[in-house]
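Engineer: Work the whole structure out from these sequences, hints included.
Each chain is listed here by its residues.
Number of protein chains: 2
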Amino acid sequence: MARTAKGALRLTYAKSGVNSRTRARSLTPLLAAVTYRPPRSHGRALGPSGHYAGLIRIGRETIAITTDTVGTKVLLAEQLGRYEEIGEDAVAINVNDLAAVGARAAGLVDVINCARPEPETFAALGRGINRGLAAAQCALLGGETAVVPSLLRAIDVGGTAIGFFPDGRRPITGDRIRTGDRILGIPSAGFHANGYTLLRALIRRKGLDLRRPRPGARLPLGVELLRPTRTYCRATEAVADSPYVRGFAHITGGGVRNLLRLNARVAYVLDRWPDLAGAFAWVRELGEIEDRELFQTFNMGIGFAVVVARPGVGPTLRSLARAGFGDAVEIGRIAQGKGVQLPSWGLSYSEYS
Amino acid sequence: MARTAKGALRLTYAKSGVNSRTRARSLTPLLAAVTYRPPRSHGRALGPSGHYAGLIRIGRETIAITTDTVGTKVLLAEQLGRYEEIGEDAVAINVNDLAAVGARAAGLVDVINCARPEPETFAALGRGINRGLAAAQCALLGGETAVVPSLLRAIDVGGTAIGFFPDGRRPITGDRIRTGDRILGIPSAGFHANGYTLLRALIRRKGLDLRRPRPGARLPLGVELLRPTRTYCRATEAVADSPYVRGFAHITGGGVRNLLRLNARVAYVLDRWPDLAGAFAWVRELGEIEDRELFQTFNMGIGFAVVVARPGVGPTLRSLARAGFGDAVEIGRIAQGKGVQLPSWGLSYSEYS
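Chains D and P supply the protein sequences, listed in that same order.
Each residue of the first sequence is one higher than the one before, starting from 1 at the first, in this note's numbering.
Each residue of the second sequence is one higher than the one before, starting from 1 at the first, in this note's numbering.
Don't read these hints as lab results, they were simulated from the structure.
Be a bit skeptical, because a hint or two may be false.
[Claimed, not checked] Listed next, with one range per pair, are the computed distances between beta-carbon atoms: (1) Gln79(D) x Arg322(P): 53 to 63 Å; (2) Thr179(D) x Ala32(P): 52 to 62 Å; (3) Glu351(P) x Arg176(D): 48 to 58 Å; (4) Glu78(P) x Gly314(D): 50 to 60 Å; (5) Pro149(P) x Glu285(D): 26 to 36 Å; (6) Gln79(D) x Gly81(P): 31 to 41 Å; (7) Arg57(P) x Val329(D): 35 to 45 Å; (8) Asp271(P) x Gly168(D): 47 to 57 Å; (9) Gly324(D) x Arg57(P): 19 to 29 Å.
For glycine and all other residues, C-beta sits at the position ideal for the given N, C-alpha and C.
Structural biologist: So this is what it looks like as structure tokens:
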């Protein structure tokens with residue numbers, strides 16, 4: 001199914017400046033050097049590492065922690081002079097990773113590094129952070145602002161969020177997923193905050209005007225692409241304590257390969273992936289990016305997945321609808337085997353990196 | 001006592017590119033926009049905000065969280081091609097802020113943003129992170145590495161740490177400090193990770209060679225200036241449960257003004273500040289930076305302060321010595337009034353910003 005526009009070079013994430021393999025090769029020596037394990041009196045770190053959030057047992061509570069930055073989406077915000085969406089992203093990308101292990105969001109600290117602090121920019125970031133916190137029902141616990149013109153080409157916005165497991169809830173890591181389970185998907189609100197280096201390369205190559213709508217859209221392209229990340233915390237809070245629920249996946253950087261972070265001993269067959277619509281259909285129509293790259297870089301319309309036991313499909317969809325996620329749909333099933341498969345696209349992935 | 005070298009412009013932190021008042025003016029609209037308060041079922045954020053760490057009550061535990069980046073010290077590391085110290089800094093600057101509220105360090109997530117991931121750099125950062133974790137008795141819970149050449153001029157290294165209050169310990173915020181208390185100081189290991197924009201401006205102006213030792217030193221200047229932040233966690237763990245201890249201050253960005261973050265209703269009279277030695281005496285001798293700027297930018301030899309009830313001076317110094325901090329000394333006292341005073345330097349500060 002892969003195709004490219006005639007005569008055009010194919011754009012990939014690696015060509016646009018990001019190479020996840022190089023990054024993985026660098027992380028390995030860092031993690032290999034960190035051999036220290038603290039005494040039990042300082043808490044007990046829980047595996048598995050490499051999941052969406054770090055987990056640590058502190059006294060009588062299990063705390064989940066996750067950290068992420070908005071990345072190069074800020075360059076689009078700079079071009080348009082709009083920062084509210086970026087503020088909301090900084091919260092959402094972090095709390096969604098908490099949601100993906102079944103943790104309830106509790107607090108966030110933000111980090112804003114900039115060359116020059118503009119009060120208007122910070123006010124807009126604050127409004128966006130406030131919207132993100134309200135969506136996640138999370139408190140701002142502090143933050144760090146550094147003015148470091150010698151380090152930065154653009155503003156850098158990120159944060160760290162902590163969450164917990166209320167009333168005896170356990171972390172949901174996907175270890176209970178088994179053959180026959182069903183995969184539900186909750187639609188995204190656009191590209192969220194991943195793949196923007198590739199999107200910007202696409203905009204440059206095609207000479208697109210951010211001030212005009214793409215064909216079929218009403219909002220200017222720049223505004224459409226800035227749309228903030230959807231927050232899935234209320235979705236997971238609605239279903240995390242259900243006995244049907246066996247795994248969550250935040251479809252973020254790495255695209256559908258994020259499902260591989262759950263249980264590695266089964267296959268994720270996405271045979272009911274919704275037809276591409278809106279900006280996702282448009283990006284594919286531009287013909288510069290192969291399908292394989294599209295699904296391993298962007299969320300392609302589904303931003304969060306919930307794996308449930310087969311009898312749980314109906315009850316879980318109803319619970320999600322009551323929590324404001326009436327657009328959730330069944331997108332696939334768990335089968336024997338390994339990897340992520342998109343049969344109607346002729347795609348399969350065996351590695352998350 | 002302020003002086004400058006004849007004919008030389010005075011260097012200040014604002015002139016070197018960092019203006020904390022501008023930053024404060026930007027933070028105000030951000031914080032004003034964040035009005036959302038989550039329901040109690042999502043934890044209970046505790047004041048006072050603006051202290052070294054955010055505090056939140058989660059279930060039966062109180063969690064402290066702090067976030068910070070190494071800042072422009074990385075530019076020195078880049079010049080010298082040495083990153084291990086930076087890795088240790090990334091841990092120490094965060095866990096020391098936990099120590100400053102009396103929290104026991106439990107876990108850290110690191111954030112490394114770079115233009116190009118070099119395995120050797122990451123291995124060195126990992127070795128430093130490991131040393132920092134061992135000093136703080138803290139676990140690495142995760143991290144984020146972003147390859148964002150379009151955002152960065154240099155590598156950006158930071159992290160977020162969480163801690164807790166074991167066995168009924170309460171957060172130590174300085175509210176119990178009163179007139180007559182004594183201030184103990186624990187020496188720093190150099191400039192730690194603050195004031196490097198100013199230090200680099202000084203090096204440029206004086207045309208100093210980083211490969212040669214400064215007068216009176218043995219190590220090359222660059223290596224001396226890279227020396228990692230001292231970790232004070234074992235010091236606070238040794239004395240936090242003592243009834244004598246009433247406040248901690250991490251002397252970080254903002255210099256001695258950090259004491260103002262404790263109790264604002266008393267004066268901090270630093271009438272026994274140790275004579276400047278080593279690199280601190282040398283920077284002052286260079287004569288480019290006014291005394292007022294020195295003490296409000298750098299730690300000037302004392303990296304951490306402990307406020308104790310007067311009868312607690314001897315017992316606390318002995319406890320600190322047993323924990324490996326035999327170099328702690330009495331540096332001042334709490335008096336009626338307000339602000340931080342260094343009488344023998346003719347300096348006083350009334351605002352932390």
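Engineer: Does the structure break any of the earlier hints, and which numbers would those be?
Structural biologist: Per hint list: zero violations.
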